[in-house]
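Asker: Each chain, written out:
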Amino acid sequence: MGKVLFALIVGLQLLFFAGCKHDDLSVPLPNENIRPAADFVKNNYEMRLFYAALKKTGYTEQLNGAGPFTVFAPTDEAFNRQGIYSTTDFDKMNVDSLKKIIGYHILPRKLMVNDMPSNGVDIRYATLTGPELYLSRAAFNPNGGVENELYIDGVEVIRKDVVVANGILHLMDNVMKPNFNKTVQQWLAAHPDYSVFVQGLKKFNLWDQLAIGTTFTIFAPNNKALEDVGITEASINTLETGKYIGDRLFGAYILYGRHFFISDSQVFSLINNNGAYNYFLKNDSHYMNFGGGKLYPEFKLGYSLTLRSGNTISDVILNSVTSNLTAKNDNLCSNGIVHHLIRGLVTPEQAIKK
Amino acid sequence: MKKERLNNRMIKTGFEQLTWLFAACLLLLNPGCVKVEYSKIDDPAYLRVFNNLNYVQTLGSKDNKVPFFCMLINPVLDGNGMPTSAEIVGDFLDQRDAYAPPYPSHIGTSTSLNNPEYPGKENVLVGPILNGFDLSSWAQVPSGKIRIMFAYRPKNTVPFFQLENQLKKDILIDTVLNLTSKEVYTLHVLQKDFVTKRTGLLLREEIFQKLPLSDSLTYVNFYNMSAKGYWEADKSLKAEDYLMASFQGGMKDEMNVFLSLYEDQSNLSARAATIPGFKGKYLANVKLNTTTSDVTPYVSFPIWSGKTANGITTNMWQRFDFFVPGMDITNNPFYEASTDNGGNWVSVNCLQNGKVRMTSNDNAAILPNLLVNIHSGVNNPKTFATVNTVEVVNGRVYLTTIQRKYAPPIY
Chain Y
1 MGKVLFALIV GLQLLFFAGC KHDDLSVPLP NENIRPAADF VKNNYEMRLF
51 YAALKKTGYT EQLNGAGPFT VFAPTDEAFN RQGIYSTTDF DKMNVDSLKK
101 IIGYHILPRK LMVNDMPSNG VDIRYATLTG PELYLSRAAF NPNGGVENEL
151 YIDGVEVIRK DVVVANGILH LMDNVMKPNF NKTVQQWLAA HPDYSVFVQG
201 LKKFNLWDQL AIGTTFTIFA PNNKALEDVG ITEASINTLE TGKYIGDRLF
251 GAYILYGRHF FISDSQVFSL INNNGAYNYF LKNDSHYMNF GGGKLYPEFK
301 LGYSLTLRSG NTISDVILNS VTSNLTAKND NLCSNGIVHH LIRGLVTPEQ
351 AIKK
Chain P
1 MKKERLNNRM IKTGFEQLTW LFAACLLLLN PGCVKVEYSK IDDPAYLRVF
51 NNLNYVQTLG SKDNKVPFFC MLINPVLDGN GMPTSAEIVG DFLDQRDAYA
101 PPYPSHIGTS TSLNNPEYPG KENVLVGPIL NGFDLSSWAQ VPSGKIRIMF
151 AYRPKNTVPF FQLENQLKKD ILIDTVLNLT SKEVYTLHVL QKDFVTKRTG
201 LLLREEIFQK LPLSDSLTYV NFYNMSAKGY WEADKSLKAE DYLMASFQGG
251 MKDEMNVFLS LYEDQSNLSA RAATIPGFKG KYLANVKLNT TTSDVTPYVS
301 FPIWSGKTAN GITTNMWQRF DFFVPGMDIT NNPFYEASTD NGGNWVSVNC
351 LQNGKVRMTS NDNAAILPNL LVNIHSGVNN PKTFATVNTV EVVNGRVYLT
401 TIQRKYAPPI Y
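Residue numbers (this note's numbering), protein chains in the order written: chain Y, 1 to 354; chain P, 1 to 411.
You may find that some hints are simply not true.
As the list claims (entries may be wrong) - Here are the computed distance ranges between Cβ atoms for each label pair:
hint	chain 1	residue 1	chain 2	residue 2	range
1	P	L130	Y	K110	48 to 58 Å
2	Y	N324	P	Y282	49 to 59 Å
3	P	D241	Y	G230	36 to 46 Å
No lab work stands behind these hints, which were simulated from the structure alone. Predicted, not measured: the structure shown is a model, and the values here were computed from it. Every residue, glycine too, gets a C-beta built ideally from N, C-alpha and C.
Same shape as in the complex, but just chain P (with noise of 0.2 Å):
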């Protein structure tokens, strides 16, 4: 009786609790509630920006001015010129990395408020998929007329419109582009001549997203977007970074690119096994190219020719040699090494995450490589074939990698 009693009470107590508890919980919920307001761009076009500008901190190019900016889409001015304001901001916006990789994948670890491209780190509304492509990479911008600014800012992590008057006054570029709705764009902070410095936008219309292509092909164009007078130039006006190896006193205006490639990213030597067929094909012509903004034609190479590859995951990787025209592999006069060619050869091996050396010796920049290894499904890691571009500006060479969307990894 007295045990019946005291359940009973128990299951009271219990029941007063659970009720207190929801109460608080109505209070807690009921000032956490607010009307978010969505962002919406009505008849976007979609927008990545890529700062060639590139320098490196050393003792020839102390005095200059580090290209580190502002990007202002349709900003508003005051009587003195000077922004006050903007629709779009993009700030930070650094010197553009080696590799822009297919998802922006570099927030993720990082600890610096610098961009290495726009959208990049920026919270904006982001591309949708088109035909597949996942376009998280390119930002949601107004289509039709917009006026683009890029301010010279100081690097630090002040943002722009806090920093002090007389540092948001120095514009390198104030422009008009005119965007057509729901098209992909990249834009190009460049340098136009090397000797006069002239530097100036390249737009460009994608149609990566409009083309009919195989899953079980890499596609890849290139581009020669250096300055005027690069190549030519004295060794001692440019800028050294070894990690660039051949690439850094720049190519020629006109070269031919040879694809070879090889069965084994693990063994991280040029002179490796190259998959039959694939040892200094040619591939493409590239010619400098700063004013128009043509896309060049993709290539491409089979993702499953190597001897291990099975369908699900291959090990391959790449190498573009860039000859000028009349020479390729077979009647090279450089020594392997050579990375001093006069712009007559550069090279450049894509593999791994691209933050190896290689161990053989070779005149080879190092870049990630085309194909896309990742956990996808019950598979890890699965290859992906992917859509790129090789870019070479100046001594440096980069790589954009755009991949499809794909099945999120069952553990």
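Just chain Y, with the same shape it has in the complex (with noise of 0.2 Å):
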């Protein structure tokens, strides 16, 4: 009996051996095919105009070398929305300018969205450029349930980690709007689009503190939008400025001492169920409730003020208006953010004193 199991035991460790043997073993070798991020971006008929712009500004070499980077790309449509249709339309600007911006869109790192800490709000990375971007991400909710959003500089990242050779892609639905060294009385002197507005914050003396001070954000309404309240240019002049309370009337559009992206709104609503922000103007009983988040019907984001005569319920709403032009809010200046408001809020007659 046991001879033969004995026989039987080797007998089958000789079919294990002989079971062995792997003639044709090969191991798939690692895919040499993916490209670095310029290639990459080159080959993406959806960032036609980004790669414009990278090889204007000559990152593309840079972009090809060995990084890691993380390139936040915004799409072709995301430069249509600020005028750029063309290749060529880079050409009539100031390269040095575009670079600045261009590498502010560039991390020198590899960052995943995985590393990017769980409702994070204004978490910042250090960019190609120097300056800082302000990153958020919606990741949970409190009370339950997932959430998958991330926003930097306000600006939302519609495809999230596309790995390549040399570091992440994320691609962005619009392009970022840093203004570096630039305050927000700088930058609104320097669109002419916004003239009545500035001129009614020179009047009653707003204008000055928008250089110093802390922070602000401005809801800038364009002349177009005063106009609908019938404040114009030859109107301004005509104020008698003892007559107006200034601060309801071109401070209704200040926000003192708030830094908000209207992603931000968008992200506390996931992260916090409350996207909403309400504030008594300053020196003035007039209460604002500011609240943003992605719009019906087309999902993107916007953002509405309303402004009442006190903070309750009985208390008469002056003006509402929902401001939806994504694509020329978020103006990040050094001491505020400044948006776009396609409505004015105050009409003169509903700022005089009483």
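Fit the two chains together into the complex; they arrive one by one in their own frames, and the hints show the way.
Answerer: See the structure below:
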């Protein structure tokens, strides 16, 4: 019995060894055709304008280099919204300022979504240009539920974690608009579209604070927007400053001491169930409700402002504006952020001193 | 004969096997022997630390500095004033929890490093049992003069001394405390002025372990450690937290506290039956104080006052109404669910584990029951009287419960 068992075991061992013969064993080679960042951008027709900008500013070689990089690449549509439709449009621009802005879209590190803090708001990362960008990631709702939205400088990331040979690429729905050392005052002064607003701020002594001050979020109405509420260059000249409450007539567009991207409101509505912010106007009894989010039907970021005569439910609504020109919002300045407002809030009659 | 030999052989091999096993065990045991150096603090004082600087992540407060600290006792500083080590380190000190339990039971299920109090989750020498009170939530610290520092730290999981140097220099408080040996202290990091944002410490020498307290009464005292000017401040400046209900806006600097005892905590309604004699009963007066460390007097209520109480267990729960002097539950002008009362009326319900929502229309914040119901001896549950502290800080209310050592459960 024992001998039979022994013979069987030896036989089995032999069979095992025979079974271990692998003549044609081959390991798949790693794919050597994953492209580096700049080549990847070049080969994607959704990012033709971004590639033209990279080429114009001389970043292509660097982005094909060793890395690691994280590229926040705006789509062609994003550039279109800024009035850039063809590659030749970049020729009209100052190369140095373009280089600063394009460099601001690149991080000298590899940053995947999982490396970003969950529910982190305003996490700052140094860019290739130097200045930091602001990243907010909605990852979960404390009451349960997974969220997955990512915003950088107020711009939504529409495709995350595209792996390239020397880093990561994220696709952006808009172009980021950093203004580096420019203050909100300089920004407004440089945009003739807001000249009536600027004129009003100057007339009611609200202008000088914008050069110094701490932080501002400005909802800037353009000239057309103010015309809707009966304010034009000519009418401002005839206004008697003593008769009107400047902090309401023009101060209503200034949010003091806050640094809000429109996307912040969306992020907080996801992670905290409350994306609204309500505040009294400075030196005035009137009360503002600010809230942002993705607006129906395009589901692009927008915001609304509602001005009331006070903070109780019985107070009258003076005006309510929903502003949905996403691409014109989130102009990041050194002392705050400027957003575009499509319609004025206060008519001169509503700001008469009583 | 053959069988006997076989048996002998089996016995022999059995013995040999045992010897081998024993030898192998010895081999394993030898390297397992280490001399344990028990840490010991001579003449300790007992210290429990709370970080009362609270924050909520909201749109309005997103740019504020997060009050997340590392506590350093007797720190060693380098030439630039940056701490390099410390005798005692209480890292990851987060804002305090609404409930500070009698035993550091929050360690049990927690997967986070963030500590709601010190010692809390820290593995350090803790206090003994004094006059029956288990001080395992108090850490032993050296008595005499100690230097204490609270350093801001980023909210992550990197231990303080491994952070980059520029992150270790932001010190909120650096001061010296004088602790007496064998005394029990609670230390609070507080905001003292809401307008100037001035912060400071409040060190309280507790007396509960010296008092002759009854086992059939539950004791409670009240503090208002809010920042000056909090309740007067505009709503837009205050953190919104709907769970705090009427407390969100803060309460006035002097308030009267009224107690209601309810029969049954499975009935989640403030309109339910109260225990006769305990509906809006005046209990105490509480004044804003962030400067002196006096212990406010303990007031008490009997734990076996309910109809269903049987001397072993009771299902009673408590509600505290804080009214401005001149107002009480009989002349309360506010609607029962009114939360925004200008600091004139705030209330808190203490029932179950504090994580429930009332079914009735109500304006109360919710905290755990002051009474501890737990399996002890053959009784499951058995109700224990406790000693409690209710602290109001700005828009929040906190409960600290201290319990006597009790018999372990018999299954």
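Asker: Checking against the hints above, which ones are violated?
Answerer: When the structure is compared with the hints, none of them turns out to be violated.
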